[in-house]
Amino acid sequence: MTLTPDPSWQKAFFDYGTSSFADLLRQSAPHLLPQAADLRREESAGGPSVPHGTTVLALRYRDGVIMAGDRQASEGYQVASRRIDKIFKSDDLSGVGIAGAAGPAMEMARLFQTELEHYEKVEGENLSLDGKANKLGQMIRMNLPMAMQGLVVVPIFAGFDERAGVGRLFKYDVTGGRYEETEYFAQGSGGKDARDSLKKRYRREMSKDEAVRVGIEALMDAADEDLGTGGPDLQRGIYPTVRIITRSGFAEVAEDEIRRYCEAILSERGRA
Amino acid sequence: MPLPYYVSPEQMMKDKAEYARKGISRGKAIVALEYRDGVLLLAENPSTLLHKISEIYDRIAFAGVGKYNEFENLRVAGVRHADVKGYSYSRGDVSAKSLANAYSQALGNIFTQDIKPFEVEVLVVEVGDHNSTKNEIYHILYDGTIEDEKNYAAMGGQSDEIRRYLKDNYQDGLDFAGAVKLGVRALMVTQNKTLTERDLEVAVLDRGKERRKFRRIPPEVLHQLITNGT
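The listed protein sequences derive, respectively, from chains A and B. Under the working numbering, the first sequence has 166 at position 112, and the numbering climbs by one with no breaks. Under the working numbering, the second sequence has 298 at position 25, and the numbering climbs by one with no breaks.
Don't read these hints as lab results, they were simulated from the structure. Please read these numbers as outputs of a predicted model, since none were measured by experiment. Do not take every clue at face value.
These stretches of chain B come out as covered by chain A in the derived footprint (C-beta under 8 Å, 3 or more residues) [unchecked claim]:
1) 325-335
2) 349-357
So these bits of chain B aren't anywhere near chain A, every CB distance computed over 12 Å [what the hints assert, rightly or not]:
3) 276
4) 295
5) 309
6) 322
7) 365
8) 401
9) 423
10) 446
11) 492
Beta carbons are placed, not taken as given, at the ideal position from N, Cα and C, and that holds for glycine.
The shape of chain B in the complex, shown without the other chains:
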């Protein structure tokens, strides 16, 4: 029986990371922006049925880029985690932080133990309530690296440029329309075509809503917002 080839751990990790990064950078980008009444999530996604942004729990949303089946798996696992936790304790005890940590653990384990790493990055976003608790945005990478972001976040293909654009243009206290416009402009930075409502999937965690804060923005409303004053 032939011995397997020796590959140094360092080389193996490097190869896996490169493989994952390549897969992710091929995909389209997602941005998250804090605005006055909550958090806005914008994805470039021509499909109206296969979502990249979705609801996890009352105040928590999820966004994923990369391979659809992989982040869809993670999304369902997140919904399960949150629902079991909320059922066994109370709805208020479900937090984005513990969910983000679970994602980080899962992706970290997959990255080190499986032959093929997940080609995904995910955002876990929690909106704060009226008593001035802060919004939370966690960004988890393919290898389990976890970062918390303030004001804005971007991931997916060419997200560095988008992040740079947002850094220069983001202002505190944006209203909803302003946030949508900024987000759309940010997604357009890396390409030379104009994005319309048909290319976009937009949702918000709206602090003003009762209990379940997640709300999708329908294309008609989006059309109005994009075309007004540009």
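This is chain A alone, in the form it adopts within the complex:
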């Protein structure tokens, strides 16, 4: 008796894609996957002109992670939108902050969210935080052909790791490389300015109040220095997005509360 290399019953073991939504799309509806059209012919070397999300950041604090982002999307030197949200809930215990080409980035956030939920429903349990972070890295790598044409997507991923009992955050490069940060990170055109601000103010084991304030201050510093990043707009009532991820889930900080933080910071700086 000889064993044939791939008897049909073995497929059940080798079909790793059964609980991945992205793999399912690749097999059954590839036209729905984000993919690169060749845009180079029509456009200059800089790539097509599309809205870009600017500054997002994540920082660890005592009970978990805080994610924050400004609300502006820029297209070259123009404001493309004043009130987009860049922090997306990916499941109950994690979120993605998007920076880079807004369209593909939002599409990626949506695909990622569906991916996690799909896995949870099919397998009956959640992916580990490392599993989620790796999956997002694969999606960014999938986007590489588009990135080569100027549509770069580099998100921040943060979440609460149930197994380790701590909040964790990850940054990515354009090839899908995944790097864990232990304290804070900021990404986007104002990312460097926000990181500089965080470097001075960040402390380990901050309370929620302190951490939210430090995050908002970093975004305001980025808005000060970077053309693409929008600061709090008191006149229109537009404030940064702040999300908190802890053991008990993904929560929004109410706009009223953020307004109070912004006003406090502004009046303090005005006095100085």
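Given chain A, work out where chain B should sit, using these hints.
Structure of chain B alone, referenced to chain A:
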């Protein structure tokens, strides 16, 4: 080469139906009940790991009786159908009706074309939203027959008796505790032992929940509900 025996199509269908029905009636029953804040699903299932009731999408749940591997296959296919549809259009465009039709088509095809029919029955349940849209309960049989049910549904072993019991005892506007009690009593009609929380798998589609309405009821809560006032 010998010719295959001739079997009349009528006889073949009859045999298949009988085979499927036998398999299903050996299994334990599941009931679904509409209550004030959503839809309750109750299954007699001693396993806490292998589920008979599960989530398909935001407002849609699935329940299957019969052979586990067969309805599990159908469940995963349903999750795929719903997720692809929700991703390519929007979350609000995923409906129980199109899913129930897909199940009906699949089971119908298997029944007529395969040698062995699936020994399963499934329920596809969608909870309505606050704007008084109705709940939907679809019951799909092993041969692809599809029925829509109101107020309550039962399937699996001895489901006729359970349905009769529910017909006599179901009232509109049940609250959650009342619905659980009625459901447990209905499952006990056909047997002479008392069911405890360890024999039951219970979940609801809770209209009050955000986005994903599906929620499993943990055994401790179930214990409280069953023992109170019986």
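Checked hints:
1. 325-335: Three-residue rule met by the stretch 325-335 of chain B, so holds; n is 3.
2. 349-357: holds (count 5)
3. 276: holds (28 Å)
4. 295: holds (26 Å)
5. 309: Consistent with the label, residue 309/B stays out of reach of chain A, its closest Cβ about 26 Å off (over 12 Å).
6. 322: violated (8 Å)
7. 365: Given that every Cβ of chain A is farther than 12 Å from that of residue 365/B, nearest at about 14 Å, it holds.
8. 401: holds (21 Å)
9. 423: Answer for residue 423/B: holds, closest chain A Cβ roughly 27 Å.
10. 446: Consistent with the label, residue 446/B stays out of reach of chain A, its closest Cβ about 31 Å off (over 12 Å).
11. 492: holds (17 Å)
When the structure is compared with the earlier hints, a violation turns up for hint 6 alone.
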